[in-house]
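Chains A, Z and L supply the protein sequences, listed in that same order. The first sequence begins at 13 in my numbering and counts up by one. The second sequence begins at 5 in my numbering and counts up by one. The third sequence begins at -4 in my numbering and counts up by one.
Careful: at least some of the hints might be erroneous.
[What the hints assert, rightly or not] In silico lysine-lysine, DSSO-like type, Cα no more than 30 Å apart, as pairs:
1) Z/K270 - L/K243
2) L/K126 - A/K198
3) L/K275 - L/K8
4) L/K118 - A/K188
5) L/K243 - Z/K205
6) A/K188 - L/K113
7) Z/K115 - Z/K207
8) A/K188 - L/K57
9) A/K188 - L/K65
10) A/K188 - L/K8
11) L/K65 - L/K5
12) A/K198 - L/K113
13) L/K118 - A/K198
14) Z/K209 - Z/K115
15) L/K8 - L/K67
16) L/K277 - L/K8
17) L/K65 - L/K131
18) A/K188 - L/K165
19) A/K188 - L/K19
20) A/K198 - L/K124
21) Z/K270 - L/K131
22) L/K165 - L/K65
23) L/K19 - L/K5
24) L/K113 - L/K126
25) L/K275 - L/K57
26) L/K165 - Z/K270
27) L/K67 - A/K188
28) Z/K135 - Z/K95
29) L/K19 - L/K277
30) A/K250 - A/K230
31) L/K124 - A/K188
32) L/K131 - A/K198
33) Z/K207 - Z/K135
34) L/K131 - L/K118
35) L/K8 - L/K165
36) A/K188 - L/K126
[Said to hold, decoys possible] Covered stretches of chain L (in silico footprint by chain Z; criterion: 3 or more residues with CB under 8 Å from a CB of chain Z, positions within the stretch not fixed):
37) 179 to 193
38) 207 to 218
39) 244 to 251
In short, the hints are calculated from the structure, not lab data. We treat Cβ as the ideally placed atom computed from N, Cα and C, and that holds for glycine.
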Amino acid sequence: MKKTSKIMTLSLKLSLAFLAIVTLGALLAGLSPYDPNQVDLLSKFQDPSGAHWFGTDNFGRDYFTRILYGGRVSLSVGALSMLVSITFGTLYGIVSGSSGRFVDAVMMRFVDILMAVPSFLLIITMNVYLNASLATTVLTISLFSWMGVARIVRAEVLSLRERDFILASRGLGAGKGWIIFRHMIKNVSSSVMVAATNSIASAILTESSLSYLGFGIKIPNASWGGMLENAQTYILTKPILAVYPGLCILLTVLSFNVLGNSLRTILDPKSRR
Amino acid sequence: MSLYEIRDLSIEFPTHLGTVHAVRNVSFDIGENECVALVGESGCGKSVTARSLIGLTEVVGGKVTSGTVTFEGENILSYNEKQWQNYRGNKAAIIFQDAMTALNPTMRIGKQIAECFTFHQNISRSEAEAKAEELLEMVGIPNPREALRRYPHEFSGGMRQRVVIAQALACRPSLLVADEPTTALDVTIQAQILRLLVDLKEKEKNSILLITHDLGVVAGMAQKIVVMYAGTIVEMGTTDEIFYHGRHHYTNGLKEASPRLDGKGKRLHTIEGMPPELINPPTGCPFADRCAHATEECREKMPEMTQVSPTHFVRCLHMAEEGGRA
Amino acid sequence: MNQQPLFQVKDLKKYFQSGKVVTKAVDGVTFDIYPGEVVGVVGESGCGKTTCGRTVIGLYDKDGGEVLYKGKDVHRLRGAEYSAYCREVQTIFQDPYASLDSRNDVCTLIAEGLDIHKLVSSKAERLEKVKELMAKVGLHASGLHRYPHEFSGGMRQRIGIARALAVDPKFLLCDEPISALDVSIQAQIINLLMDLRETEGLTYLMISHDLSMVKHVSDRIIVMYLGKIVESCPAEELYEQPAHPYTKALISAIPIADPEVERSRQRIILTGQVPSPSNKPKGCAFAGRCQYVTERCRQEEPELREVAPGHLAACHLYNR
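Put together the whole structure using the sequences plus the hints.
If you want it as structure tokens, here you go:
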């Protein structure tokens, strides 16, 4: 018991540190002396050096700067689609859980239908028609990722509804709105936070896959998935080009998942008692 | 000659907030064919003490830091896992408050009871089943033959507790540890189960260590009562000594705190305050902060166990007057 | 008592349905509660006492019958009348852990009623009122901004009582208020509730499986068995002269903390099982466990009738 919790706190610390670095890098990307899209064919395929920390790519662009800007895309897509899907999912779940049986059934069947749809293909199709940009990517991703949250929230609301403290509040004369805003939201917040962290991770993965396939952020703008796709051509001659964006995606997603898992343990009321 | 001699037993639980001193220097005996009751409020260490007699201290995360438990001339606390396995069920068995969690829901009753024989005795399956049927009959389950084929959820709470008792008594252990055996049951069912335990004790000649918070249950059943508070024994003696000649202020307060069915509606006596934290237990008498008779001396040093009769021991510097009836 | 009853419960019914199984948790219950009275409801688990209490005060919808509070139908109150009713009728719950929202601090918890009904006009007044309530139930004001998990069971129950008192109720439904607490703490809560009865002029409906406690606090006791009232009478009389065989068995089953009394007592040990409330037998529900059972008991359901002044029992033994 003790050992695992030690490993967990260490991995949590490492994850938080990594996420802090990536976030800081994405925020401060503008301080880099290079333009991420500036082609400089004279200095292509350079090895890492003092001037180019991660070297340069096939167009002589500074790879470190592109990684920073790519992080900006990944993190903002992750965070924004998380915000949209969590907000909508929570509201949907609360409405469904606190409505009558019929409304609840209809709303939940709709969720089932959406979950049965092969979402990735639809996201690609929509991105093609909608002329992919940051905003459309966020919207299409969140359109297909709120259902999980809605289900979790609804289940929690249903069990909360029967709890004594909700009954006590009703007994004091509280209306529906009061109970939702004063009790329900606070009490579902911990599971929503866990779901939110995990949803950032999956949104980042989806975005990277989209960009890798060329349906995400349009070139020449940097994104980790796009850089990975570009590096594929030179995988035999210059494999290091694939390693940087690949590692970034891997570690970011991993860190968010570790964070989600730790939150689950930390926020569990049983572990606090 | 006692069946069990528990001496100076201390048990700790390491937690992330600090070490919980759950049991501190507990000593008492369990005689043959005797029912000893461990009485106290939640968190007083009564369950932890009892579980150490079954070797379940480590299982629940505790650590025995001192003391011995002598049974048949051996210190059972030094047993290894193999010795414990041979001992549990065979020499001593335990029944818990919640009979549903004590039974495997996916296994037929007959098989669960027969299991005990196959662990400890080398007998065939049909023999084991026959014995299981006998046991079910002994604990008063109607249609024992048919009951063997049924699953735990098909029984009511009281019947399940009977099944658990049958299972515990299967190998005729010398000691039955009953940890709040009737707390989850209704009063009319509780009366049935208590009667059963008393009858079986007469028949099987086993000893019972009864753990409970209910003084009413104790009054009709136990020969000896051990009152625990904050991990220590504050008073022990025969049932009559505890009920009619209680000398510790906690014991007496506890007796007066619960309304009696045959009493008149007067104001209840309360013990103000709460039991102390066991992470940093007070160095003096643990009850001093709630005691009306406490002095500086009580808070400074843990009072010694004082013998007031051959069977009656009290840990108090300012004992209540002899003869005060509750 | 010549007063108008506070609550008039008439043939109240509450059924629960899951699939095709209908559980008749409360099946035709009639009684009155007078102002200033403490009415105790006892019975074993599953007898419908909690459901009965919650349906009476309107926390659950009813499936039949009627509950009048000061002459008005509880289940039909709306708007301002409902709001006023909510202030007058409050509940103390059994589980002091589940009944407090663990994400609010003590001040928010206690002030919930004040906030809902907008009973205070300023922050300072709200704080003053909360502190006053905490003092009333024996909580120290230093706990104002702490969270429920920092308190023990007894303290949490006090928080629950303060929350109920915040809206100046006339009536408290106490649903097993002490059964989750330790013995020495139980006495504290019982004494507190009885003190409040005097100082606040409260009326109680006290629901518990603990007959000793109910007898200690109640003026009148109602004994329930499988969703029905089997006996109802003044508290002293119930112990001195129980009429219904079930009550007799119940009383004899309760252990008394006195070895001499225990040794000399004759126990009626009931045999048989409680029938399921979803599949009740014809006739008297207790017939299968009763030692005085006759053929009539198995065929015809006994009605609740007066066996002595103010003493009701539902048993054919008293109606030959």
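Verification of the hints:
1. Restraint check for Z/K270 and L/K243: the C-alpha separation of about 24 Å stays at or below 30 Å, so the hint holds.
2. Between L/K126 and A/K198, the direct Cα distance comes to roughly 25 Å. Compliance with the 30 Å bound is thereby established for this hinted pair.
3. With a C-alpha separation of about 15 Å, the suggested pair L/K275 and L/K8 falls inside the 30 Å cut-off, and the hint holds.
4. A C-alpha spacing of about 24 Å is found between L/K118 and A/K188, which places the hinted pair at or below 30 Å, so the restraint holds.
5. The straight-line distance between the Cα atoms of L/K243 and Z/K205 is roughly 27 Å, inside the 30 Å bound, and the hint therefore holds.
6. For the proposed pair A/K188 and L/K113, the alpha carbon gap of about 16 Å is at most 30 Å, so the pair holds.
7. Pair hint Z/K115 plus Z/K207 holds up; C-alpha atoms about 25 Å apart against a cutoff of 30 Å.
8. Only pairs whose Cα atoms come within 30 Å are accepted, and A/K188 paired with L/K57 is accepted, the gap being roughly 20 Å.
9. About 26 Å separates the Cα atoms of A/K188 and L/K65, which keeps this hinted pair within 30 Å; it holds.
10. At roughly 26 Å between alpha-carbon atoms, A/K188 and L/K8 fall within 30 Å of each other, so this suggested pair holds.
11. Using a Cα cut-off of 30 Å, the hinted pair L/K65 and L/K5 holds, with the two alpha carbons roughly 14 Å apart.
12. Between A/K198 and L/K113, the direct Cα distance comes to roughly 22 Å. Compliance with the 30 Å bound is thereby established for this hinted pair.
13. Using a Cα cut-off of 30 Å, the hinted pair L/K118 and A/K198 holds, with the two alpha carbons roughly 22 Å apart.
14. Between Z/K209 and Z/K115 the alpha-carbon distance is near 26 Å, which keeps this suggested pair within the 30 Å criterion.
15. With a CA separation close to 18 Å, the supplied pair L/K8 and L/K67 stays within the 30 Å bound.
16. For the given pair, L/K277 sits about 18 Å from L/K8 by alpha-carbon distance, which is consistent with the 30 Å threshold.
17. Between L/K65 and L/K131 the CA atoms are separated by roughly 28 Å; this keeps the pair inside 30 Å, and the hint holds.
18. For the given pair, A/K188 sits about 25 Å from L/K165 by alpha-carbon distance, which is consistent with the 30 Å threshold.
19. Only pairs whose Cα atoms come within 30 Å are accepted, and A/K188 paired with L/K19 is accepted, the gap being roughly 28 Å.
20. With a CA separation close to 25 Å, the supplied pair A/K198 and L/K124 stays within the 30 Å bound.
21. Restraint check for Z/K270 and L/K131: satisfied, since their Cα atoms lie roughly 22 Å apart, inside the 30 Å limit.
22. Taking the CA atoms of L/K165 and L/K65, the gap is near 12 Å; set against the 30 Å cutoff, the hint holds.
23. Using a Cα cut-off of 30 Å, the hinted pair L/K19 and L/K5 holds, with the two alpha carbons roughly 16 Å apart.
24. Taken as a hint, the L/K113 and L/K126 pair is honoured in the structure, with Cα atoms around 17 Å apart against an allowance of 30 Å.
25. Simply put, L/K275 and L/K57 have alpha-carbon atoms about 20 Å apart, close enough for the 30 Å limit, and the pair holds.
26. Restraint check: the Cα-Cα separation between L/K165 and Z/K270 comes to about 24 Å, which is no more than 30 Å; the hinted pair holds.
27. Between L/K67 and A/K188 the alpha-carbon distance is near 24 Å, which keeps this suggested pair within the 30 Å criterion.
28. Straight-line distance between C-alpha atoms of Z/K135 and Z/K95 comes to about 18 Å, which keeps the hinted pair within the 30 Å bound.
29. Note on L/K19 and L/K277: the hinted pairing holds, with a Cα-Cα distance of about 14 Å set against a maximum of 30 Å.
30. Note on A/K250 and A/K230: the hinted pairing holds, with a Cα-Cα distance of about 23 Å set against a maximum of 30 Å.
31. Under the criterion of a C-alpha separation no larger than 30 Å, the hint pairing L/K124 with A/K188 is consistent with the structure, at around 26 Å.
32. This hinted pair checks out: L/K131 and A/K198 have alpha carbons roughly 29 Å apart, not beyond 30 Å.
33. Note on Z/K207 and Z/K135: the hinted pairing holds, with a Cα-Cα distance of about 16 Å set against a maximum of 30 Å.
34. The suggested pairing of L/K131 with L/K118 holds, with an alpha-carbon distance near 20 Å, which does not exceed 30 Å.
35. Under the criterion of a C-alpha separation no larger than 30 Å, the hint pairing L/K8 with L/K165 is consistent with the structure, at around 25 Å.
36. At most 30 Å may separate the alpha-carbon atoms for a hinted pair to count; A/K188 and L/K126 meet this at roughly 28 Å.
37. A count of 8 residues in the segment 179 to 193 of chain L with a Cβ less than 8 Å from any Cβ of chain Z is obtained; the coverage claim is therefore met, three being the minimum.
38. By the rule of at least three residues with a Cβ nearer than 8 Å to a Cβ of chain Z, the coverage given for the segment 207 to 218 of chain L holds, with 5 such residues.
39. A count of 8 residues in the segment 244 to 251 of chain L with a Cβ less than 8 Å from any Cβ of chain Z is obtained; the coverage claim is therefore met, three being the minimum.
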